[in-house]
Amino acid sequence: MTTDATHPRILVLEDEVDIARLICNGLDGYGFRCEHHQTGRRFLQMAKQTPPDLAIVDLGLPDMDGMQVIRELQEHSPCAVLILTGRNDVTDRVLGLELGADDYLVKPFEPRELVARVRSILRRYLRSAESNDAPASPGTAVFSGWRFDLGRHMLITPDGREVSVSATEASMLSALLRSPNRILTREQLIGERDIDPFDRSVDVRISRLRRKLEDDPQNPALIKTVYGAGYLFCSSVSWE
1 MTTDATHPRI
11 LVLEDEVDIA
21 RLICNGLDGY
31 GFRCEHHQTG
41 RRFLQMAKQT
51 PPDLAIVDLG
61 LPDMDGMQVI
71 RELQEHSPCA
81 VLILTGRNDV
91 TDRVLGLELG
101 ADDYLVKPFE
111 PRELVARVRS
121 ILRRYLRSAE
131 SNDAPASPGT
141 AVFSGWRFDL
151 GRHMLITPDG
161 REVSVSATEA
171 SMLSALLRSP
181 NRILTREQLI
191 GERDIDPFDR
201 SVDVRISRLR
211 RKLEDDPQNP
221 ALIKTVYGAG
231 YLFCSSVSWE
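Okay, so the sequence shown: first residue is 1 according to my numbering, each after it adds one.
It is possible that some hints are incorrect.
What the hints assert, rightly or not - Here are the computed lysine-lysine pairs in the DSSO-like style, where the Cα-Cα straight-line distance is at most 30 angstroms:
(1) Lys107 - Lys48
(2) Lys48 - Lys224
(3) Lys212 - Lys224
Claimed, not checked - Computed spacing ranges between beta-carbons, pair by pair:
(4) Gly60 - Asp215: 34 to 42 angstroms
(5) Thr140 - Asp18: 44 to 52 angstroms
(6) Ser179 - Tyr30: 32 to 40 angstroms
(7) Val163 - Val94: 15 to 23 angstroms
Quick caveat, the hints were computed from the structure, so don't treat them as lab data. The beta-carbon is built from N, C-alpha and C at its ideal position, and this holds for glycine as well.
Sequences and hints are given; from them, build the entire structure.
Below, the structure is given as structure tokens:
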């Protein structure tokens with residue numbers, strides 16, 4: 001990801017030209033560099049050549065399913081992802097978050113809301129990058145037989161296997177590891193002051209982390225839910 005916060009590069013995947021023009025014109029006015037593609041294949045090809053800072057992905061595409069685009073994007077060119085969808089279906093939104101997207105926006109949308117969502121996502125990624133680049137910050141957390149390499153966003157299992165996590169998951173896990181045995185609110189985990197009470201992005205990512213860390217994700221031993229308060233990481237943690 002570029003460190004020049006004033007000119008982040010954004011790839012836009014949208015088959016409707018008028019909507020794509022609305023997105024790009026709105027973002028261009030705030031210093032973002034937009035590149036538009038109408039097909040998933042071309043979009044993935046360009047993302048692989050030069051991974052963007054943020055991808056805006058429409059789910060309804062002429063050549064492939066938008067969910068598959070997100071899956072392949074996160075596998076080959078990991079980056080921040082904002083889902084753009086005309087499907088007013090909670091299941092689709094949650095599935096997108098499960099695949100590693102950072103947020104979603106339902107059509108029709110206000111251009112100002114699009115800009116706000118983009119800025120919010122990029123702030124999270126920039127904080128994560130700055131945290132990982134800080135020379136005084138310890139690089140590896142050790143807990144319950146596991147290791148977490150912050151710089152590589154990589155979990156190492158007790159038997160030595162490597163399990164990657166997304167940048168947002170890494171940021172949330174880092175927050176938990178730096179405050180073990182202490183309740184953290186959803187706002188503290190995501191790094192935002194105000195979260196919509198119906199926003200499930202934090203909960204979905206906690207579920208993803210549990211599936212990677214827990215023997216029984218339905219009865220977690222490491223990441224506990226404290227209902228009405230937040231989440232608690234139940235382990236001692238040392239840093240290397």
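Cross-check of the supplied hints:
{"no.": "1", "hint": "Lys107 - Lys48", "verdict": "holds, 27 angstroms"}
{"no.": "2", "hint": "Lys48 - Lys224", "verdict": "violated, 37 angstroms"}
{"no.": "3", "hint": "Lys212 - Lys224", "verdict": "holds, 14 angstroms"}
{"no.": "4", "hint": "Gly60 - Asp215: 34 to 42 angstroms", "verdict": "holds, 39 angstroms"}
{"no.": "5", "hint": "Thr140 - Asp18: 44 to 52 angstroms", "verdict": "holds, 49 angstroms"}
{"no.": "6", "hint": "Ser179 - Tyr30: 32 to 40 angstroms", "verdict": "holds, 34 angstroms"}
{"no.": "7", "hint": "Val163 - Val94: 15 to 23 angstroms", "verdict": "holds, 22 angstroms"}
Checked against the numbered hints given earlier, the structure breaks only hint 2 and satisfies all the rest.
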